[in-house]
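If you read the protein sequences in the order shown, they are chains S and C. Mapping the first sequence onto this note's numbering, position 257 (from 1) lands on 254, and the numbers just tick up by one. Mapping the second sequence onto this note's numbering, position 37 (from 1) lands on 39, and the numbers just tick up by one.
Hints listed in this document are in silico derivations from the structure and should not be mistaken for laboratory results. If you're wondering where the values come from, they're calculated on a predicted model, not measured in any experiment. Note that the Cβ used here is the ideal one computed from N, Cα and C, for glycine as well. Please note: incorrect hints may appear among the correct ones.
[Stated by the list, open to error] A few chain S residues that face chain C, going by a derived Cβ cut-off under 10 Å, partial list only:
no.: 1; residue: H67
no.: 2; residue: V91
no.: 3; residue: I141
no.: 4; residue: E149
no.: 5; residue: Q287
no.: 6; residue: L326
no.: 7; residue: R344
[Claimed, not checked] Straight-line C-alpha distance at most 20 Å; calculated DMTMM-like pairs for lysine to aspartate or glutamate:
no.: 8; chain 1: S; residue 1: K429; chain 2: C; residue 2: D267
no.: 9; chain 1: C; residue 1: K309; chain 2: C; residue 2: D267
no.: 10; chain 1: S; residue 1: K429; chain 2: C; residue 2: D165
no.: 11; chain 1: S; residue 1: K79; chain 2: C; residue 2: E365
no.: 12; chain 1: S; residue 1: K251; chain 2: C; residue 2: D267
no.: 13; chain 1: C; residue 1: K444; chain 2: C; residue 2: D267
no.: 14; chain 1: S; residue 1: K225; chain 2: S; residue 2: E117
no.: 15; chain 1: C; residue 1: K309; chain 2: S; residue 2: E130
Residues per chain are reported as follows:
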Amino acid sequence: MGVLFWFALSAQAWAASLTDRVFETVLPNGLKVLLVEEPKAPVVTIQVWYKVGSRNEPIGKTGISHMLEHMMFAGTPSIGPKQFSLTVQRNGGVDNAYTTSDYTAYYENFAADRVLFGLELEADRMAHLLIGEKQFQPERQVVIEERRLRIEDQPASVLGEVMRATAFLAHPYRWPVIGWLSDIEGYTREDLVQYYRAYYAPNNATLVVAGDIKKDDLLPRIQALFGKIPRGPDPPKLVTVEPPQRGERRVSVKKEAELPLVFAVYHAPNLTHPDTYALDILAYVLGGGQSARLHQRIVYEKQLASYASADYSGVHVDPYLFGLSAGPLPGKTAEEVEQALYAEVERIQREPIADRELQKAKNQIESEFIFAQDSVHQLATMLGAWESVASWKLLAGYLDGIRTVTAADVQRVARQYLTPEKRTVAILIPTKPAQAAAPAAGGKP
Amino acid sequence: MRHHRGAGLQAAVILILMLVVEPPQVLAAALGQREVLPNGMVLLFSEKRAVPILTATMLIQAGAIQDPPDKPGVANLTAELITQGTTARTATQISEAIEFVGGSLSLGAGQDVATVSLSVLSRDLDLGLELLADILLNPTFAPDEIKRKAQEVLAGIQRKQEDPGEVAGEAFAALVFGPHPYGRPVEGTETSVPTITREDLVRFHQTNYRPNKTILAVVGDVSLSDLKRRLEARLGGWQPGGPAFTPPPDPAPLTRPVVRTIQRDVTQANILLGHVGVTRDNPDYYAIQVMNYILGGGGVTSRLTSKIREEQGWAYDVGSAFMPDKYAGTFSVSVQTKNQTAQDAIDAILAEMRRIREQPVNETELTDAKAYLTGSFPLRLDTTSKIVRLLANIEYFGLGLDYVYRYAGFINGVTVADIQRVARKYLHPDRYALAVVADLTKAKLKP
Chain S
-2 MGVLFWFALS AQAWAASLTD RVFETVLPNG LKVLLVEEPK APVVTIQVWY
48 KVGSRNEPIG KTGISHMLEH MMFAGTPSIG PKQFSLTVQR NGGVDNAYTT
98 SDYTAYYENF AADRVLFGLE LEADRMAHLL IGEKQFQPER QVVIEERRLR
148 IEDQPASVLG EVMRATAFLA HPYRWPVIGW LSDIEGYTRE DLVQYYRAYY
198 APNNATLVVA GDIKKDDLLP RIQALFGKIP RGPDPPKLVT VEPPQRGERR
248 VSVKKEAELP LVFAVYHAPN LTHPDTYALD ILAYVLGGGQ SARLHQRIVY
298 EKQLASYASA DYSGVHVDPY LFGLSAGPLP GKTAEEVEQA LYAEVERIQR
348 EPIADRELQK AKNQIESEFI FAQDSVHQLA TMLGAWESVA SWKLLAGYLD
398 GIRTVTAADV QRVARQYLTP EKRTVAILIP TKPAQAAAPA AGGKP
Chain C
3 MRHHRGAGLQ AAVILILMLV VEPPQVLAAA LGQREVLPNG MVLLFSEKRA
53 VPILTATMLI QAGAIQDPPD KPGVANLTAE LITQGTTART ATQISEAIEF
103 VGGSLSLGAG QDVATVSLSV LSRDLDLGLE LLADILLNPT FAPDEIKRKA
153 QEVLAGIQRK QEDPGEVAGE AFAALVFGPH PYGRPVEGTE TSVPTITRED
203 LVRFHQTNYR PNKTILAVVG DVSLSDLKRR LEARLGGWQP GGPAFTPPPD
253 PAPLTRPVVR TIQRDVTQAN ILLGHVGVTR DNPDYYAIQV MNYILGGGGV
303 TSRLTSKIRE EQGWAYDVGS AFMPDKYAGT FSVSVQTKNQ TAQDAIDAIL
353 AEMRRIREQP VNETELTDAK AYLTGSFPLR LDTTSKIVRL LANIEYFGLG
403 LDYVYRYAGF INGVTVADIQ RVARKYLHPD RYALAVVADL TKAKLKP
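Please model the entire structure based on the sequences and the hints provided.
Here is the structure:
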């Protein structure tokens, strides 16, 4: 028992100490720098996070944040066209980038001795990106192919796109991060240059370096490399606020598919709101694994669906969504699955959850938090994302916030946010392949 | 996202991208220990105390290749059911117990092996091992659970038809492997799954879920002696047995191009082109991996990506891989491009396969490939889950724990002439399988 107790304490204390291990400074040009010494493996992750995503885009230029992300690999006066990733790989590194509605992140992971090399690359393209017409035109086609791959030919992705466009009337969360096809086809090189100038400035960015580093050695090098980049103008602020929803919205998509899908989403606050903890717990109680309520009732007991899940993430600059989704089994209708989802929501609104369910959700969240720190890449990603939407310092109070949630809190947020009038429902109606009856093969062996 | 990180390509690189930049003594400490336990189970272990967690992976020779020939899907359904109830616990009690402590315990079958994955905070190690032992030793295969899982598997088979990549992958495997077991889908078919009985599952479990057919890799916050004591307590009673497995005959090579086209209402043609590859023990394995890195394995820097993506803008994702399974390997090139450029992309792939056969690669390409393959080694070992997978695979493919010391030598020894030799020997632009899922009215493939 003594040993168990010690382990329990140590896991908790260990998680809580995360924020003490983060060193923060802000350079005179406004760049925020977060450094974490994590020597457990001889590697380093270098990540630059820009506070720009699809929520910053104007109508007609949707997806331009993501298009610019692609062009960030095009080169600078010192790194020739197409040379960025080649140079990284030549040094044994991997690189990539991703864009969301709220931020755009770039990273290189290297053996620890290449850390300066990664920092040089990122400082260089923060200030000196060259967007050549010759690189831009084929890359636009690449992005269109990416949209076809990820969205157009995936029924669930198409449904999600239509769902968000219905759930949000005014806020730019209504359009897809990758952008509408017409807009991707329409950007000019000048649009991208202007967008880069408006948002890619040190005062709109966070540099996170984590791994086998020595903060005191690295900081002067960071100051030298990034400190010389001039501060940019303050990026334009988004003024649009999503008006309250007053009534259920329903939408359907007809597409070639085998089985229907049911999505239901509710407007919900972000991680700066005190209800974020209870909403996290609610998502786990409903959808946190095979023992969670949606799986138990809808998949296991009633055998209506092959999966049923709940999803909430407060990591957004503005209030986003709490989502439910399910995939009906053959022979079951979208209607009965949809009603079964609501029955579980109503049960939580009616009766408080059991103590053990509450404790299970808390244990799952804490464990996930600890597991995330096994990887310096994941740790840096968590810091960068929280800092980009609000502040990484909120992580310090996160587990405490989770621990103080009561069953009554969970019931209250379920009643407050998961109401039919704040709900948007999206249903995929499958249409059969045109040649379903004929043999699918056009084979010529 | 700038580069695609396909699951298939990721799986391919797990074993491929290993090399040494650290001095051997450092690696000796990092890599782990090996022991054969009294019941025949092979234990690989590495102590990692930095985070209070523990990750375990078990590879059991209970993959689809062991399926009865007339009943594809037995291995998969067995794996699905093992977590769904034991003599001591119901399905719900099992999932509730592991999820209550924020851990995870899952089981899935692949072509060669069934993989068990256990992750827990180190304080919950006992519970994790107790559940692991219970599901492996005492599954009940209750009839209502079988019915439920079979129904889910059938729904999964149907839903797979919605995904052009999955449809192409299944058609491609059938073309490349024909009657060889690798030509069949792991989960079985809509006709085979309903014929599987409880007796099939019980027999499959009895025969194949045995410690002498099992590799267990454990990495994390525990000592070896402590772990062994707990394993003995939980799994000591697991009895060895089961007949030795006779591998199937090698798949027959193709003698000419074979094509399968499948009509879908899609905007992109999903294309897979390739043929039988090599197994992990092929003496040319490393030269092949370096050659493939230059051809299409090296992400955005490869020849296929330069041509098809960077120059033409025809695709977001294009890549090639030599995937070594235990009894046969696959070589495949995958690309998705708008229907209208499907034939252009296929022509470009074949042209690059021919070029690397006909002309020597240049020294810079070779140097760059070696620099990446050897320089990225530390990134292959930077989390407990990566180390645990690596340890399990090193054992499965018989590479030996000293393999990581030798790896850089294997890669650095590859020459320009080796590249051309293995390209000629192992790439077949004149006899390949081609699977295309597309809107064929727009794709206009050459007859």
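Hint check results:
1. With its C-beta approaching chain C no nearer than about 6 Å, H67(S) sits inside the 10 Å limit, and its interface hint holds.
2. Annotation: V91(S) was flagged as interfacial toward chain C, and the flag holds, the nearest CB pair being 6 Å apart, inside 10 Å.
3. A hinted interface residue such as I141(S) counts as satisfied when its beta carbon comes closer than 10 Å to some beta carbon of chain C; here the least separation is about 8 Å, so the hint holds.
4. The beta carbon of E149(S) is positioned within 10 Å of a beta carbon in chain C (closest approach about 4 Å), and the interface hint is therefore held.
5. Annotation: Q287(S) was flagged as interfacial toward chain C, and the flag holds, the nearest CB pair being 4 Å apart, inside 10 Å.
6. With its C-beta approaching chain C no nearer than about 5 Å, L326(S) sits inside the 10 Å limit, and its interface hint holds.
7. A cut of 10 Å between beta carbons decides the hint on R344(S): the least distance to chain C is about 17 Å, and the hint is violated.
8. About 10 Å separates the Cα atoms of K429(S) and D267(C), which keeps this hinted pair within 20 Å; it holds.
9. Distance restraint check for K309(C) and D267(C): the Cα-Cα separation of roughly 27 Å exceeds the 20 Å cut-off, and the hinted pair is therefore not satisfied.
10. Of the supplied pair hints, the one linking K429(S) and D165(C) holds, its CA atoms being roughly 14 Å apart against a limit of 20 Å.
11. The hinted pair formed by K79(S) and E365(C) meets the criterion: a straight-line CA distance of about 19 Å does not exceed 20 Å.
12. Simply put, K251(S) and D267(C) have alpha-carbon atoms about 12 Å apart, close enough for the 20 Å limit, and the pair holds.
13. Of the supplied pair hints, the one linking K444(C) and D267(C) holds, its CA atoms being roughly 10 Å apart against a limit of 20 Å.
14. Only pairs whose Cα atoms come within 20 Å are accepted, and K225(S) paired with E117(S) is accepted, the gap being roughly 12 Å.
15. The straight-line distance between the Cα atoms of K309(C) and E130(S) is roughly 18 Å, inside the 20 Å bound, and the hint therefore holds.
The structure is inconsistent with the numbered hints 7, 9, although it conforms to all the rest.
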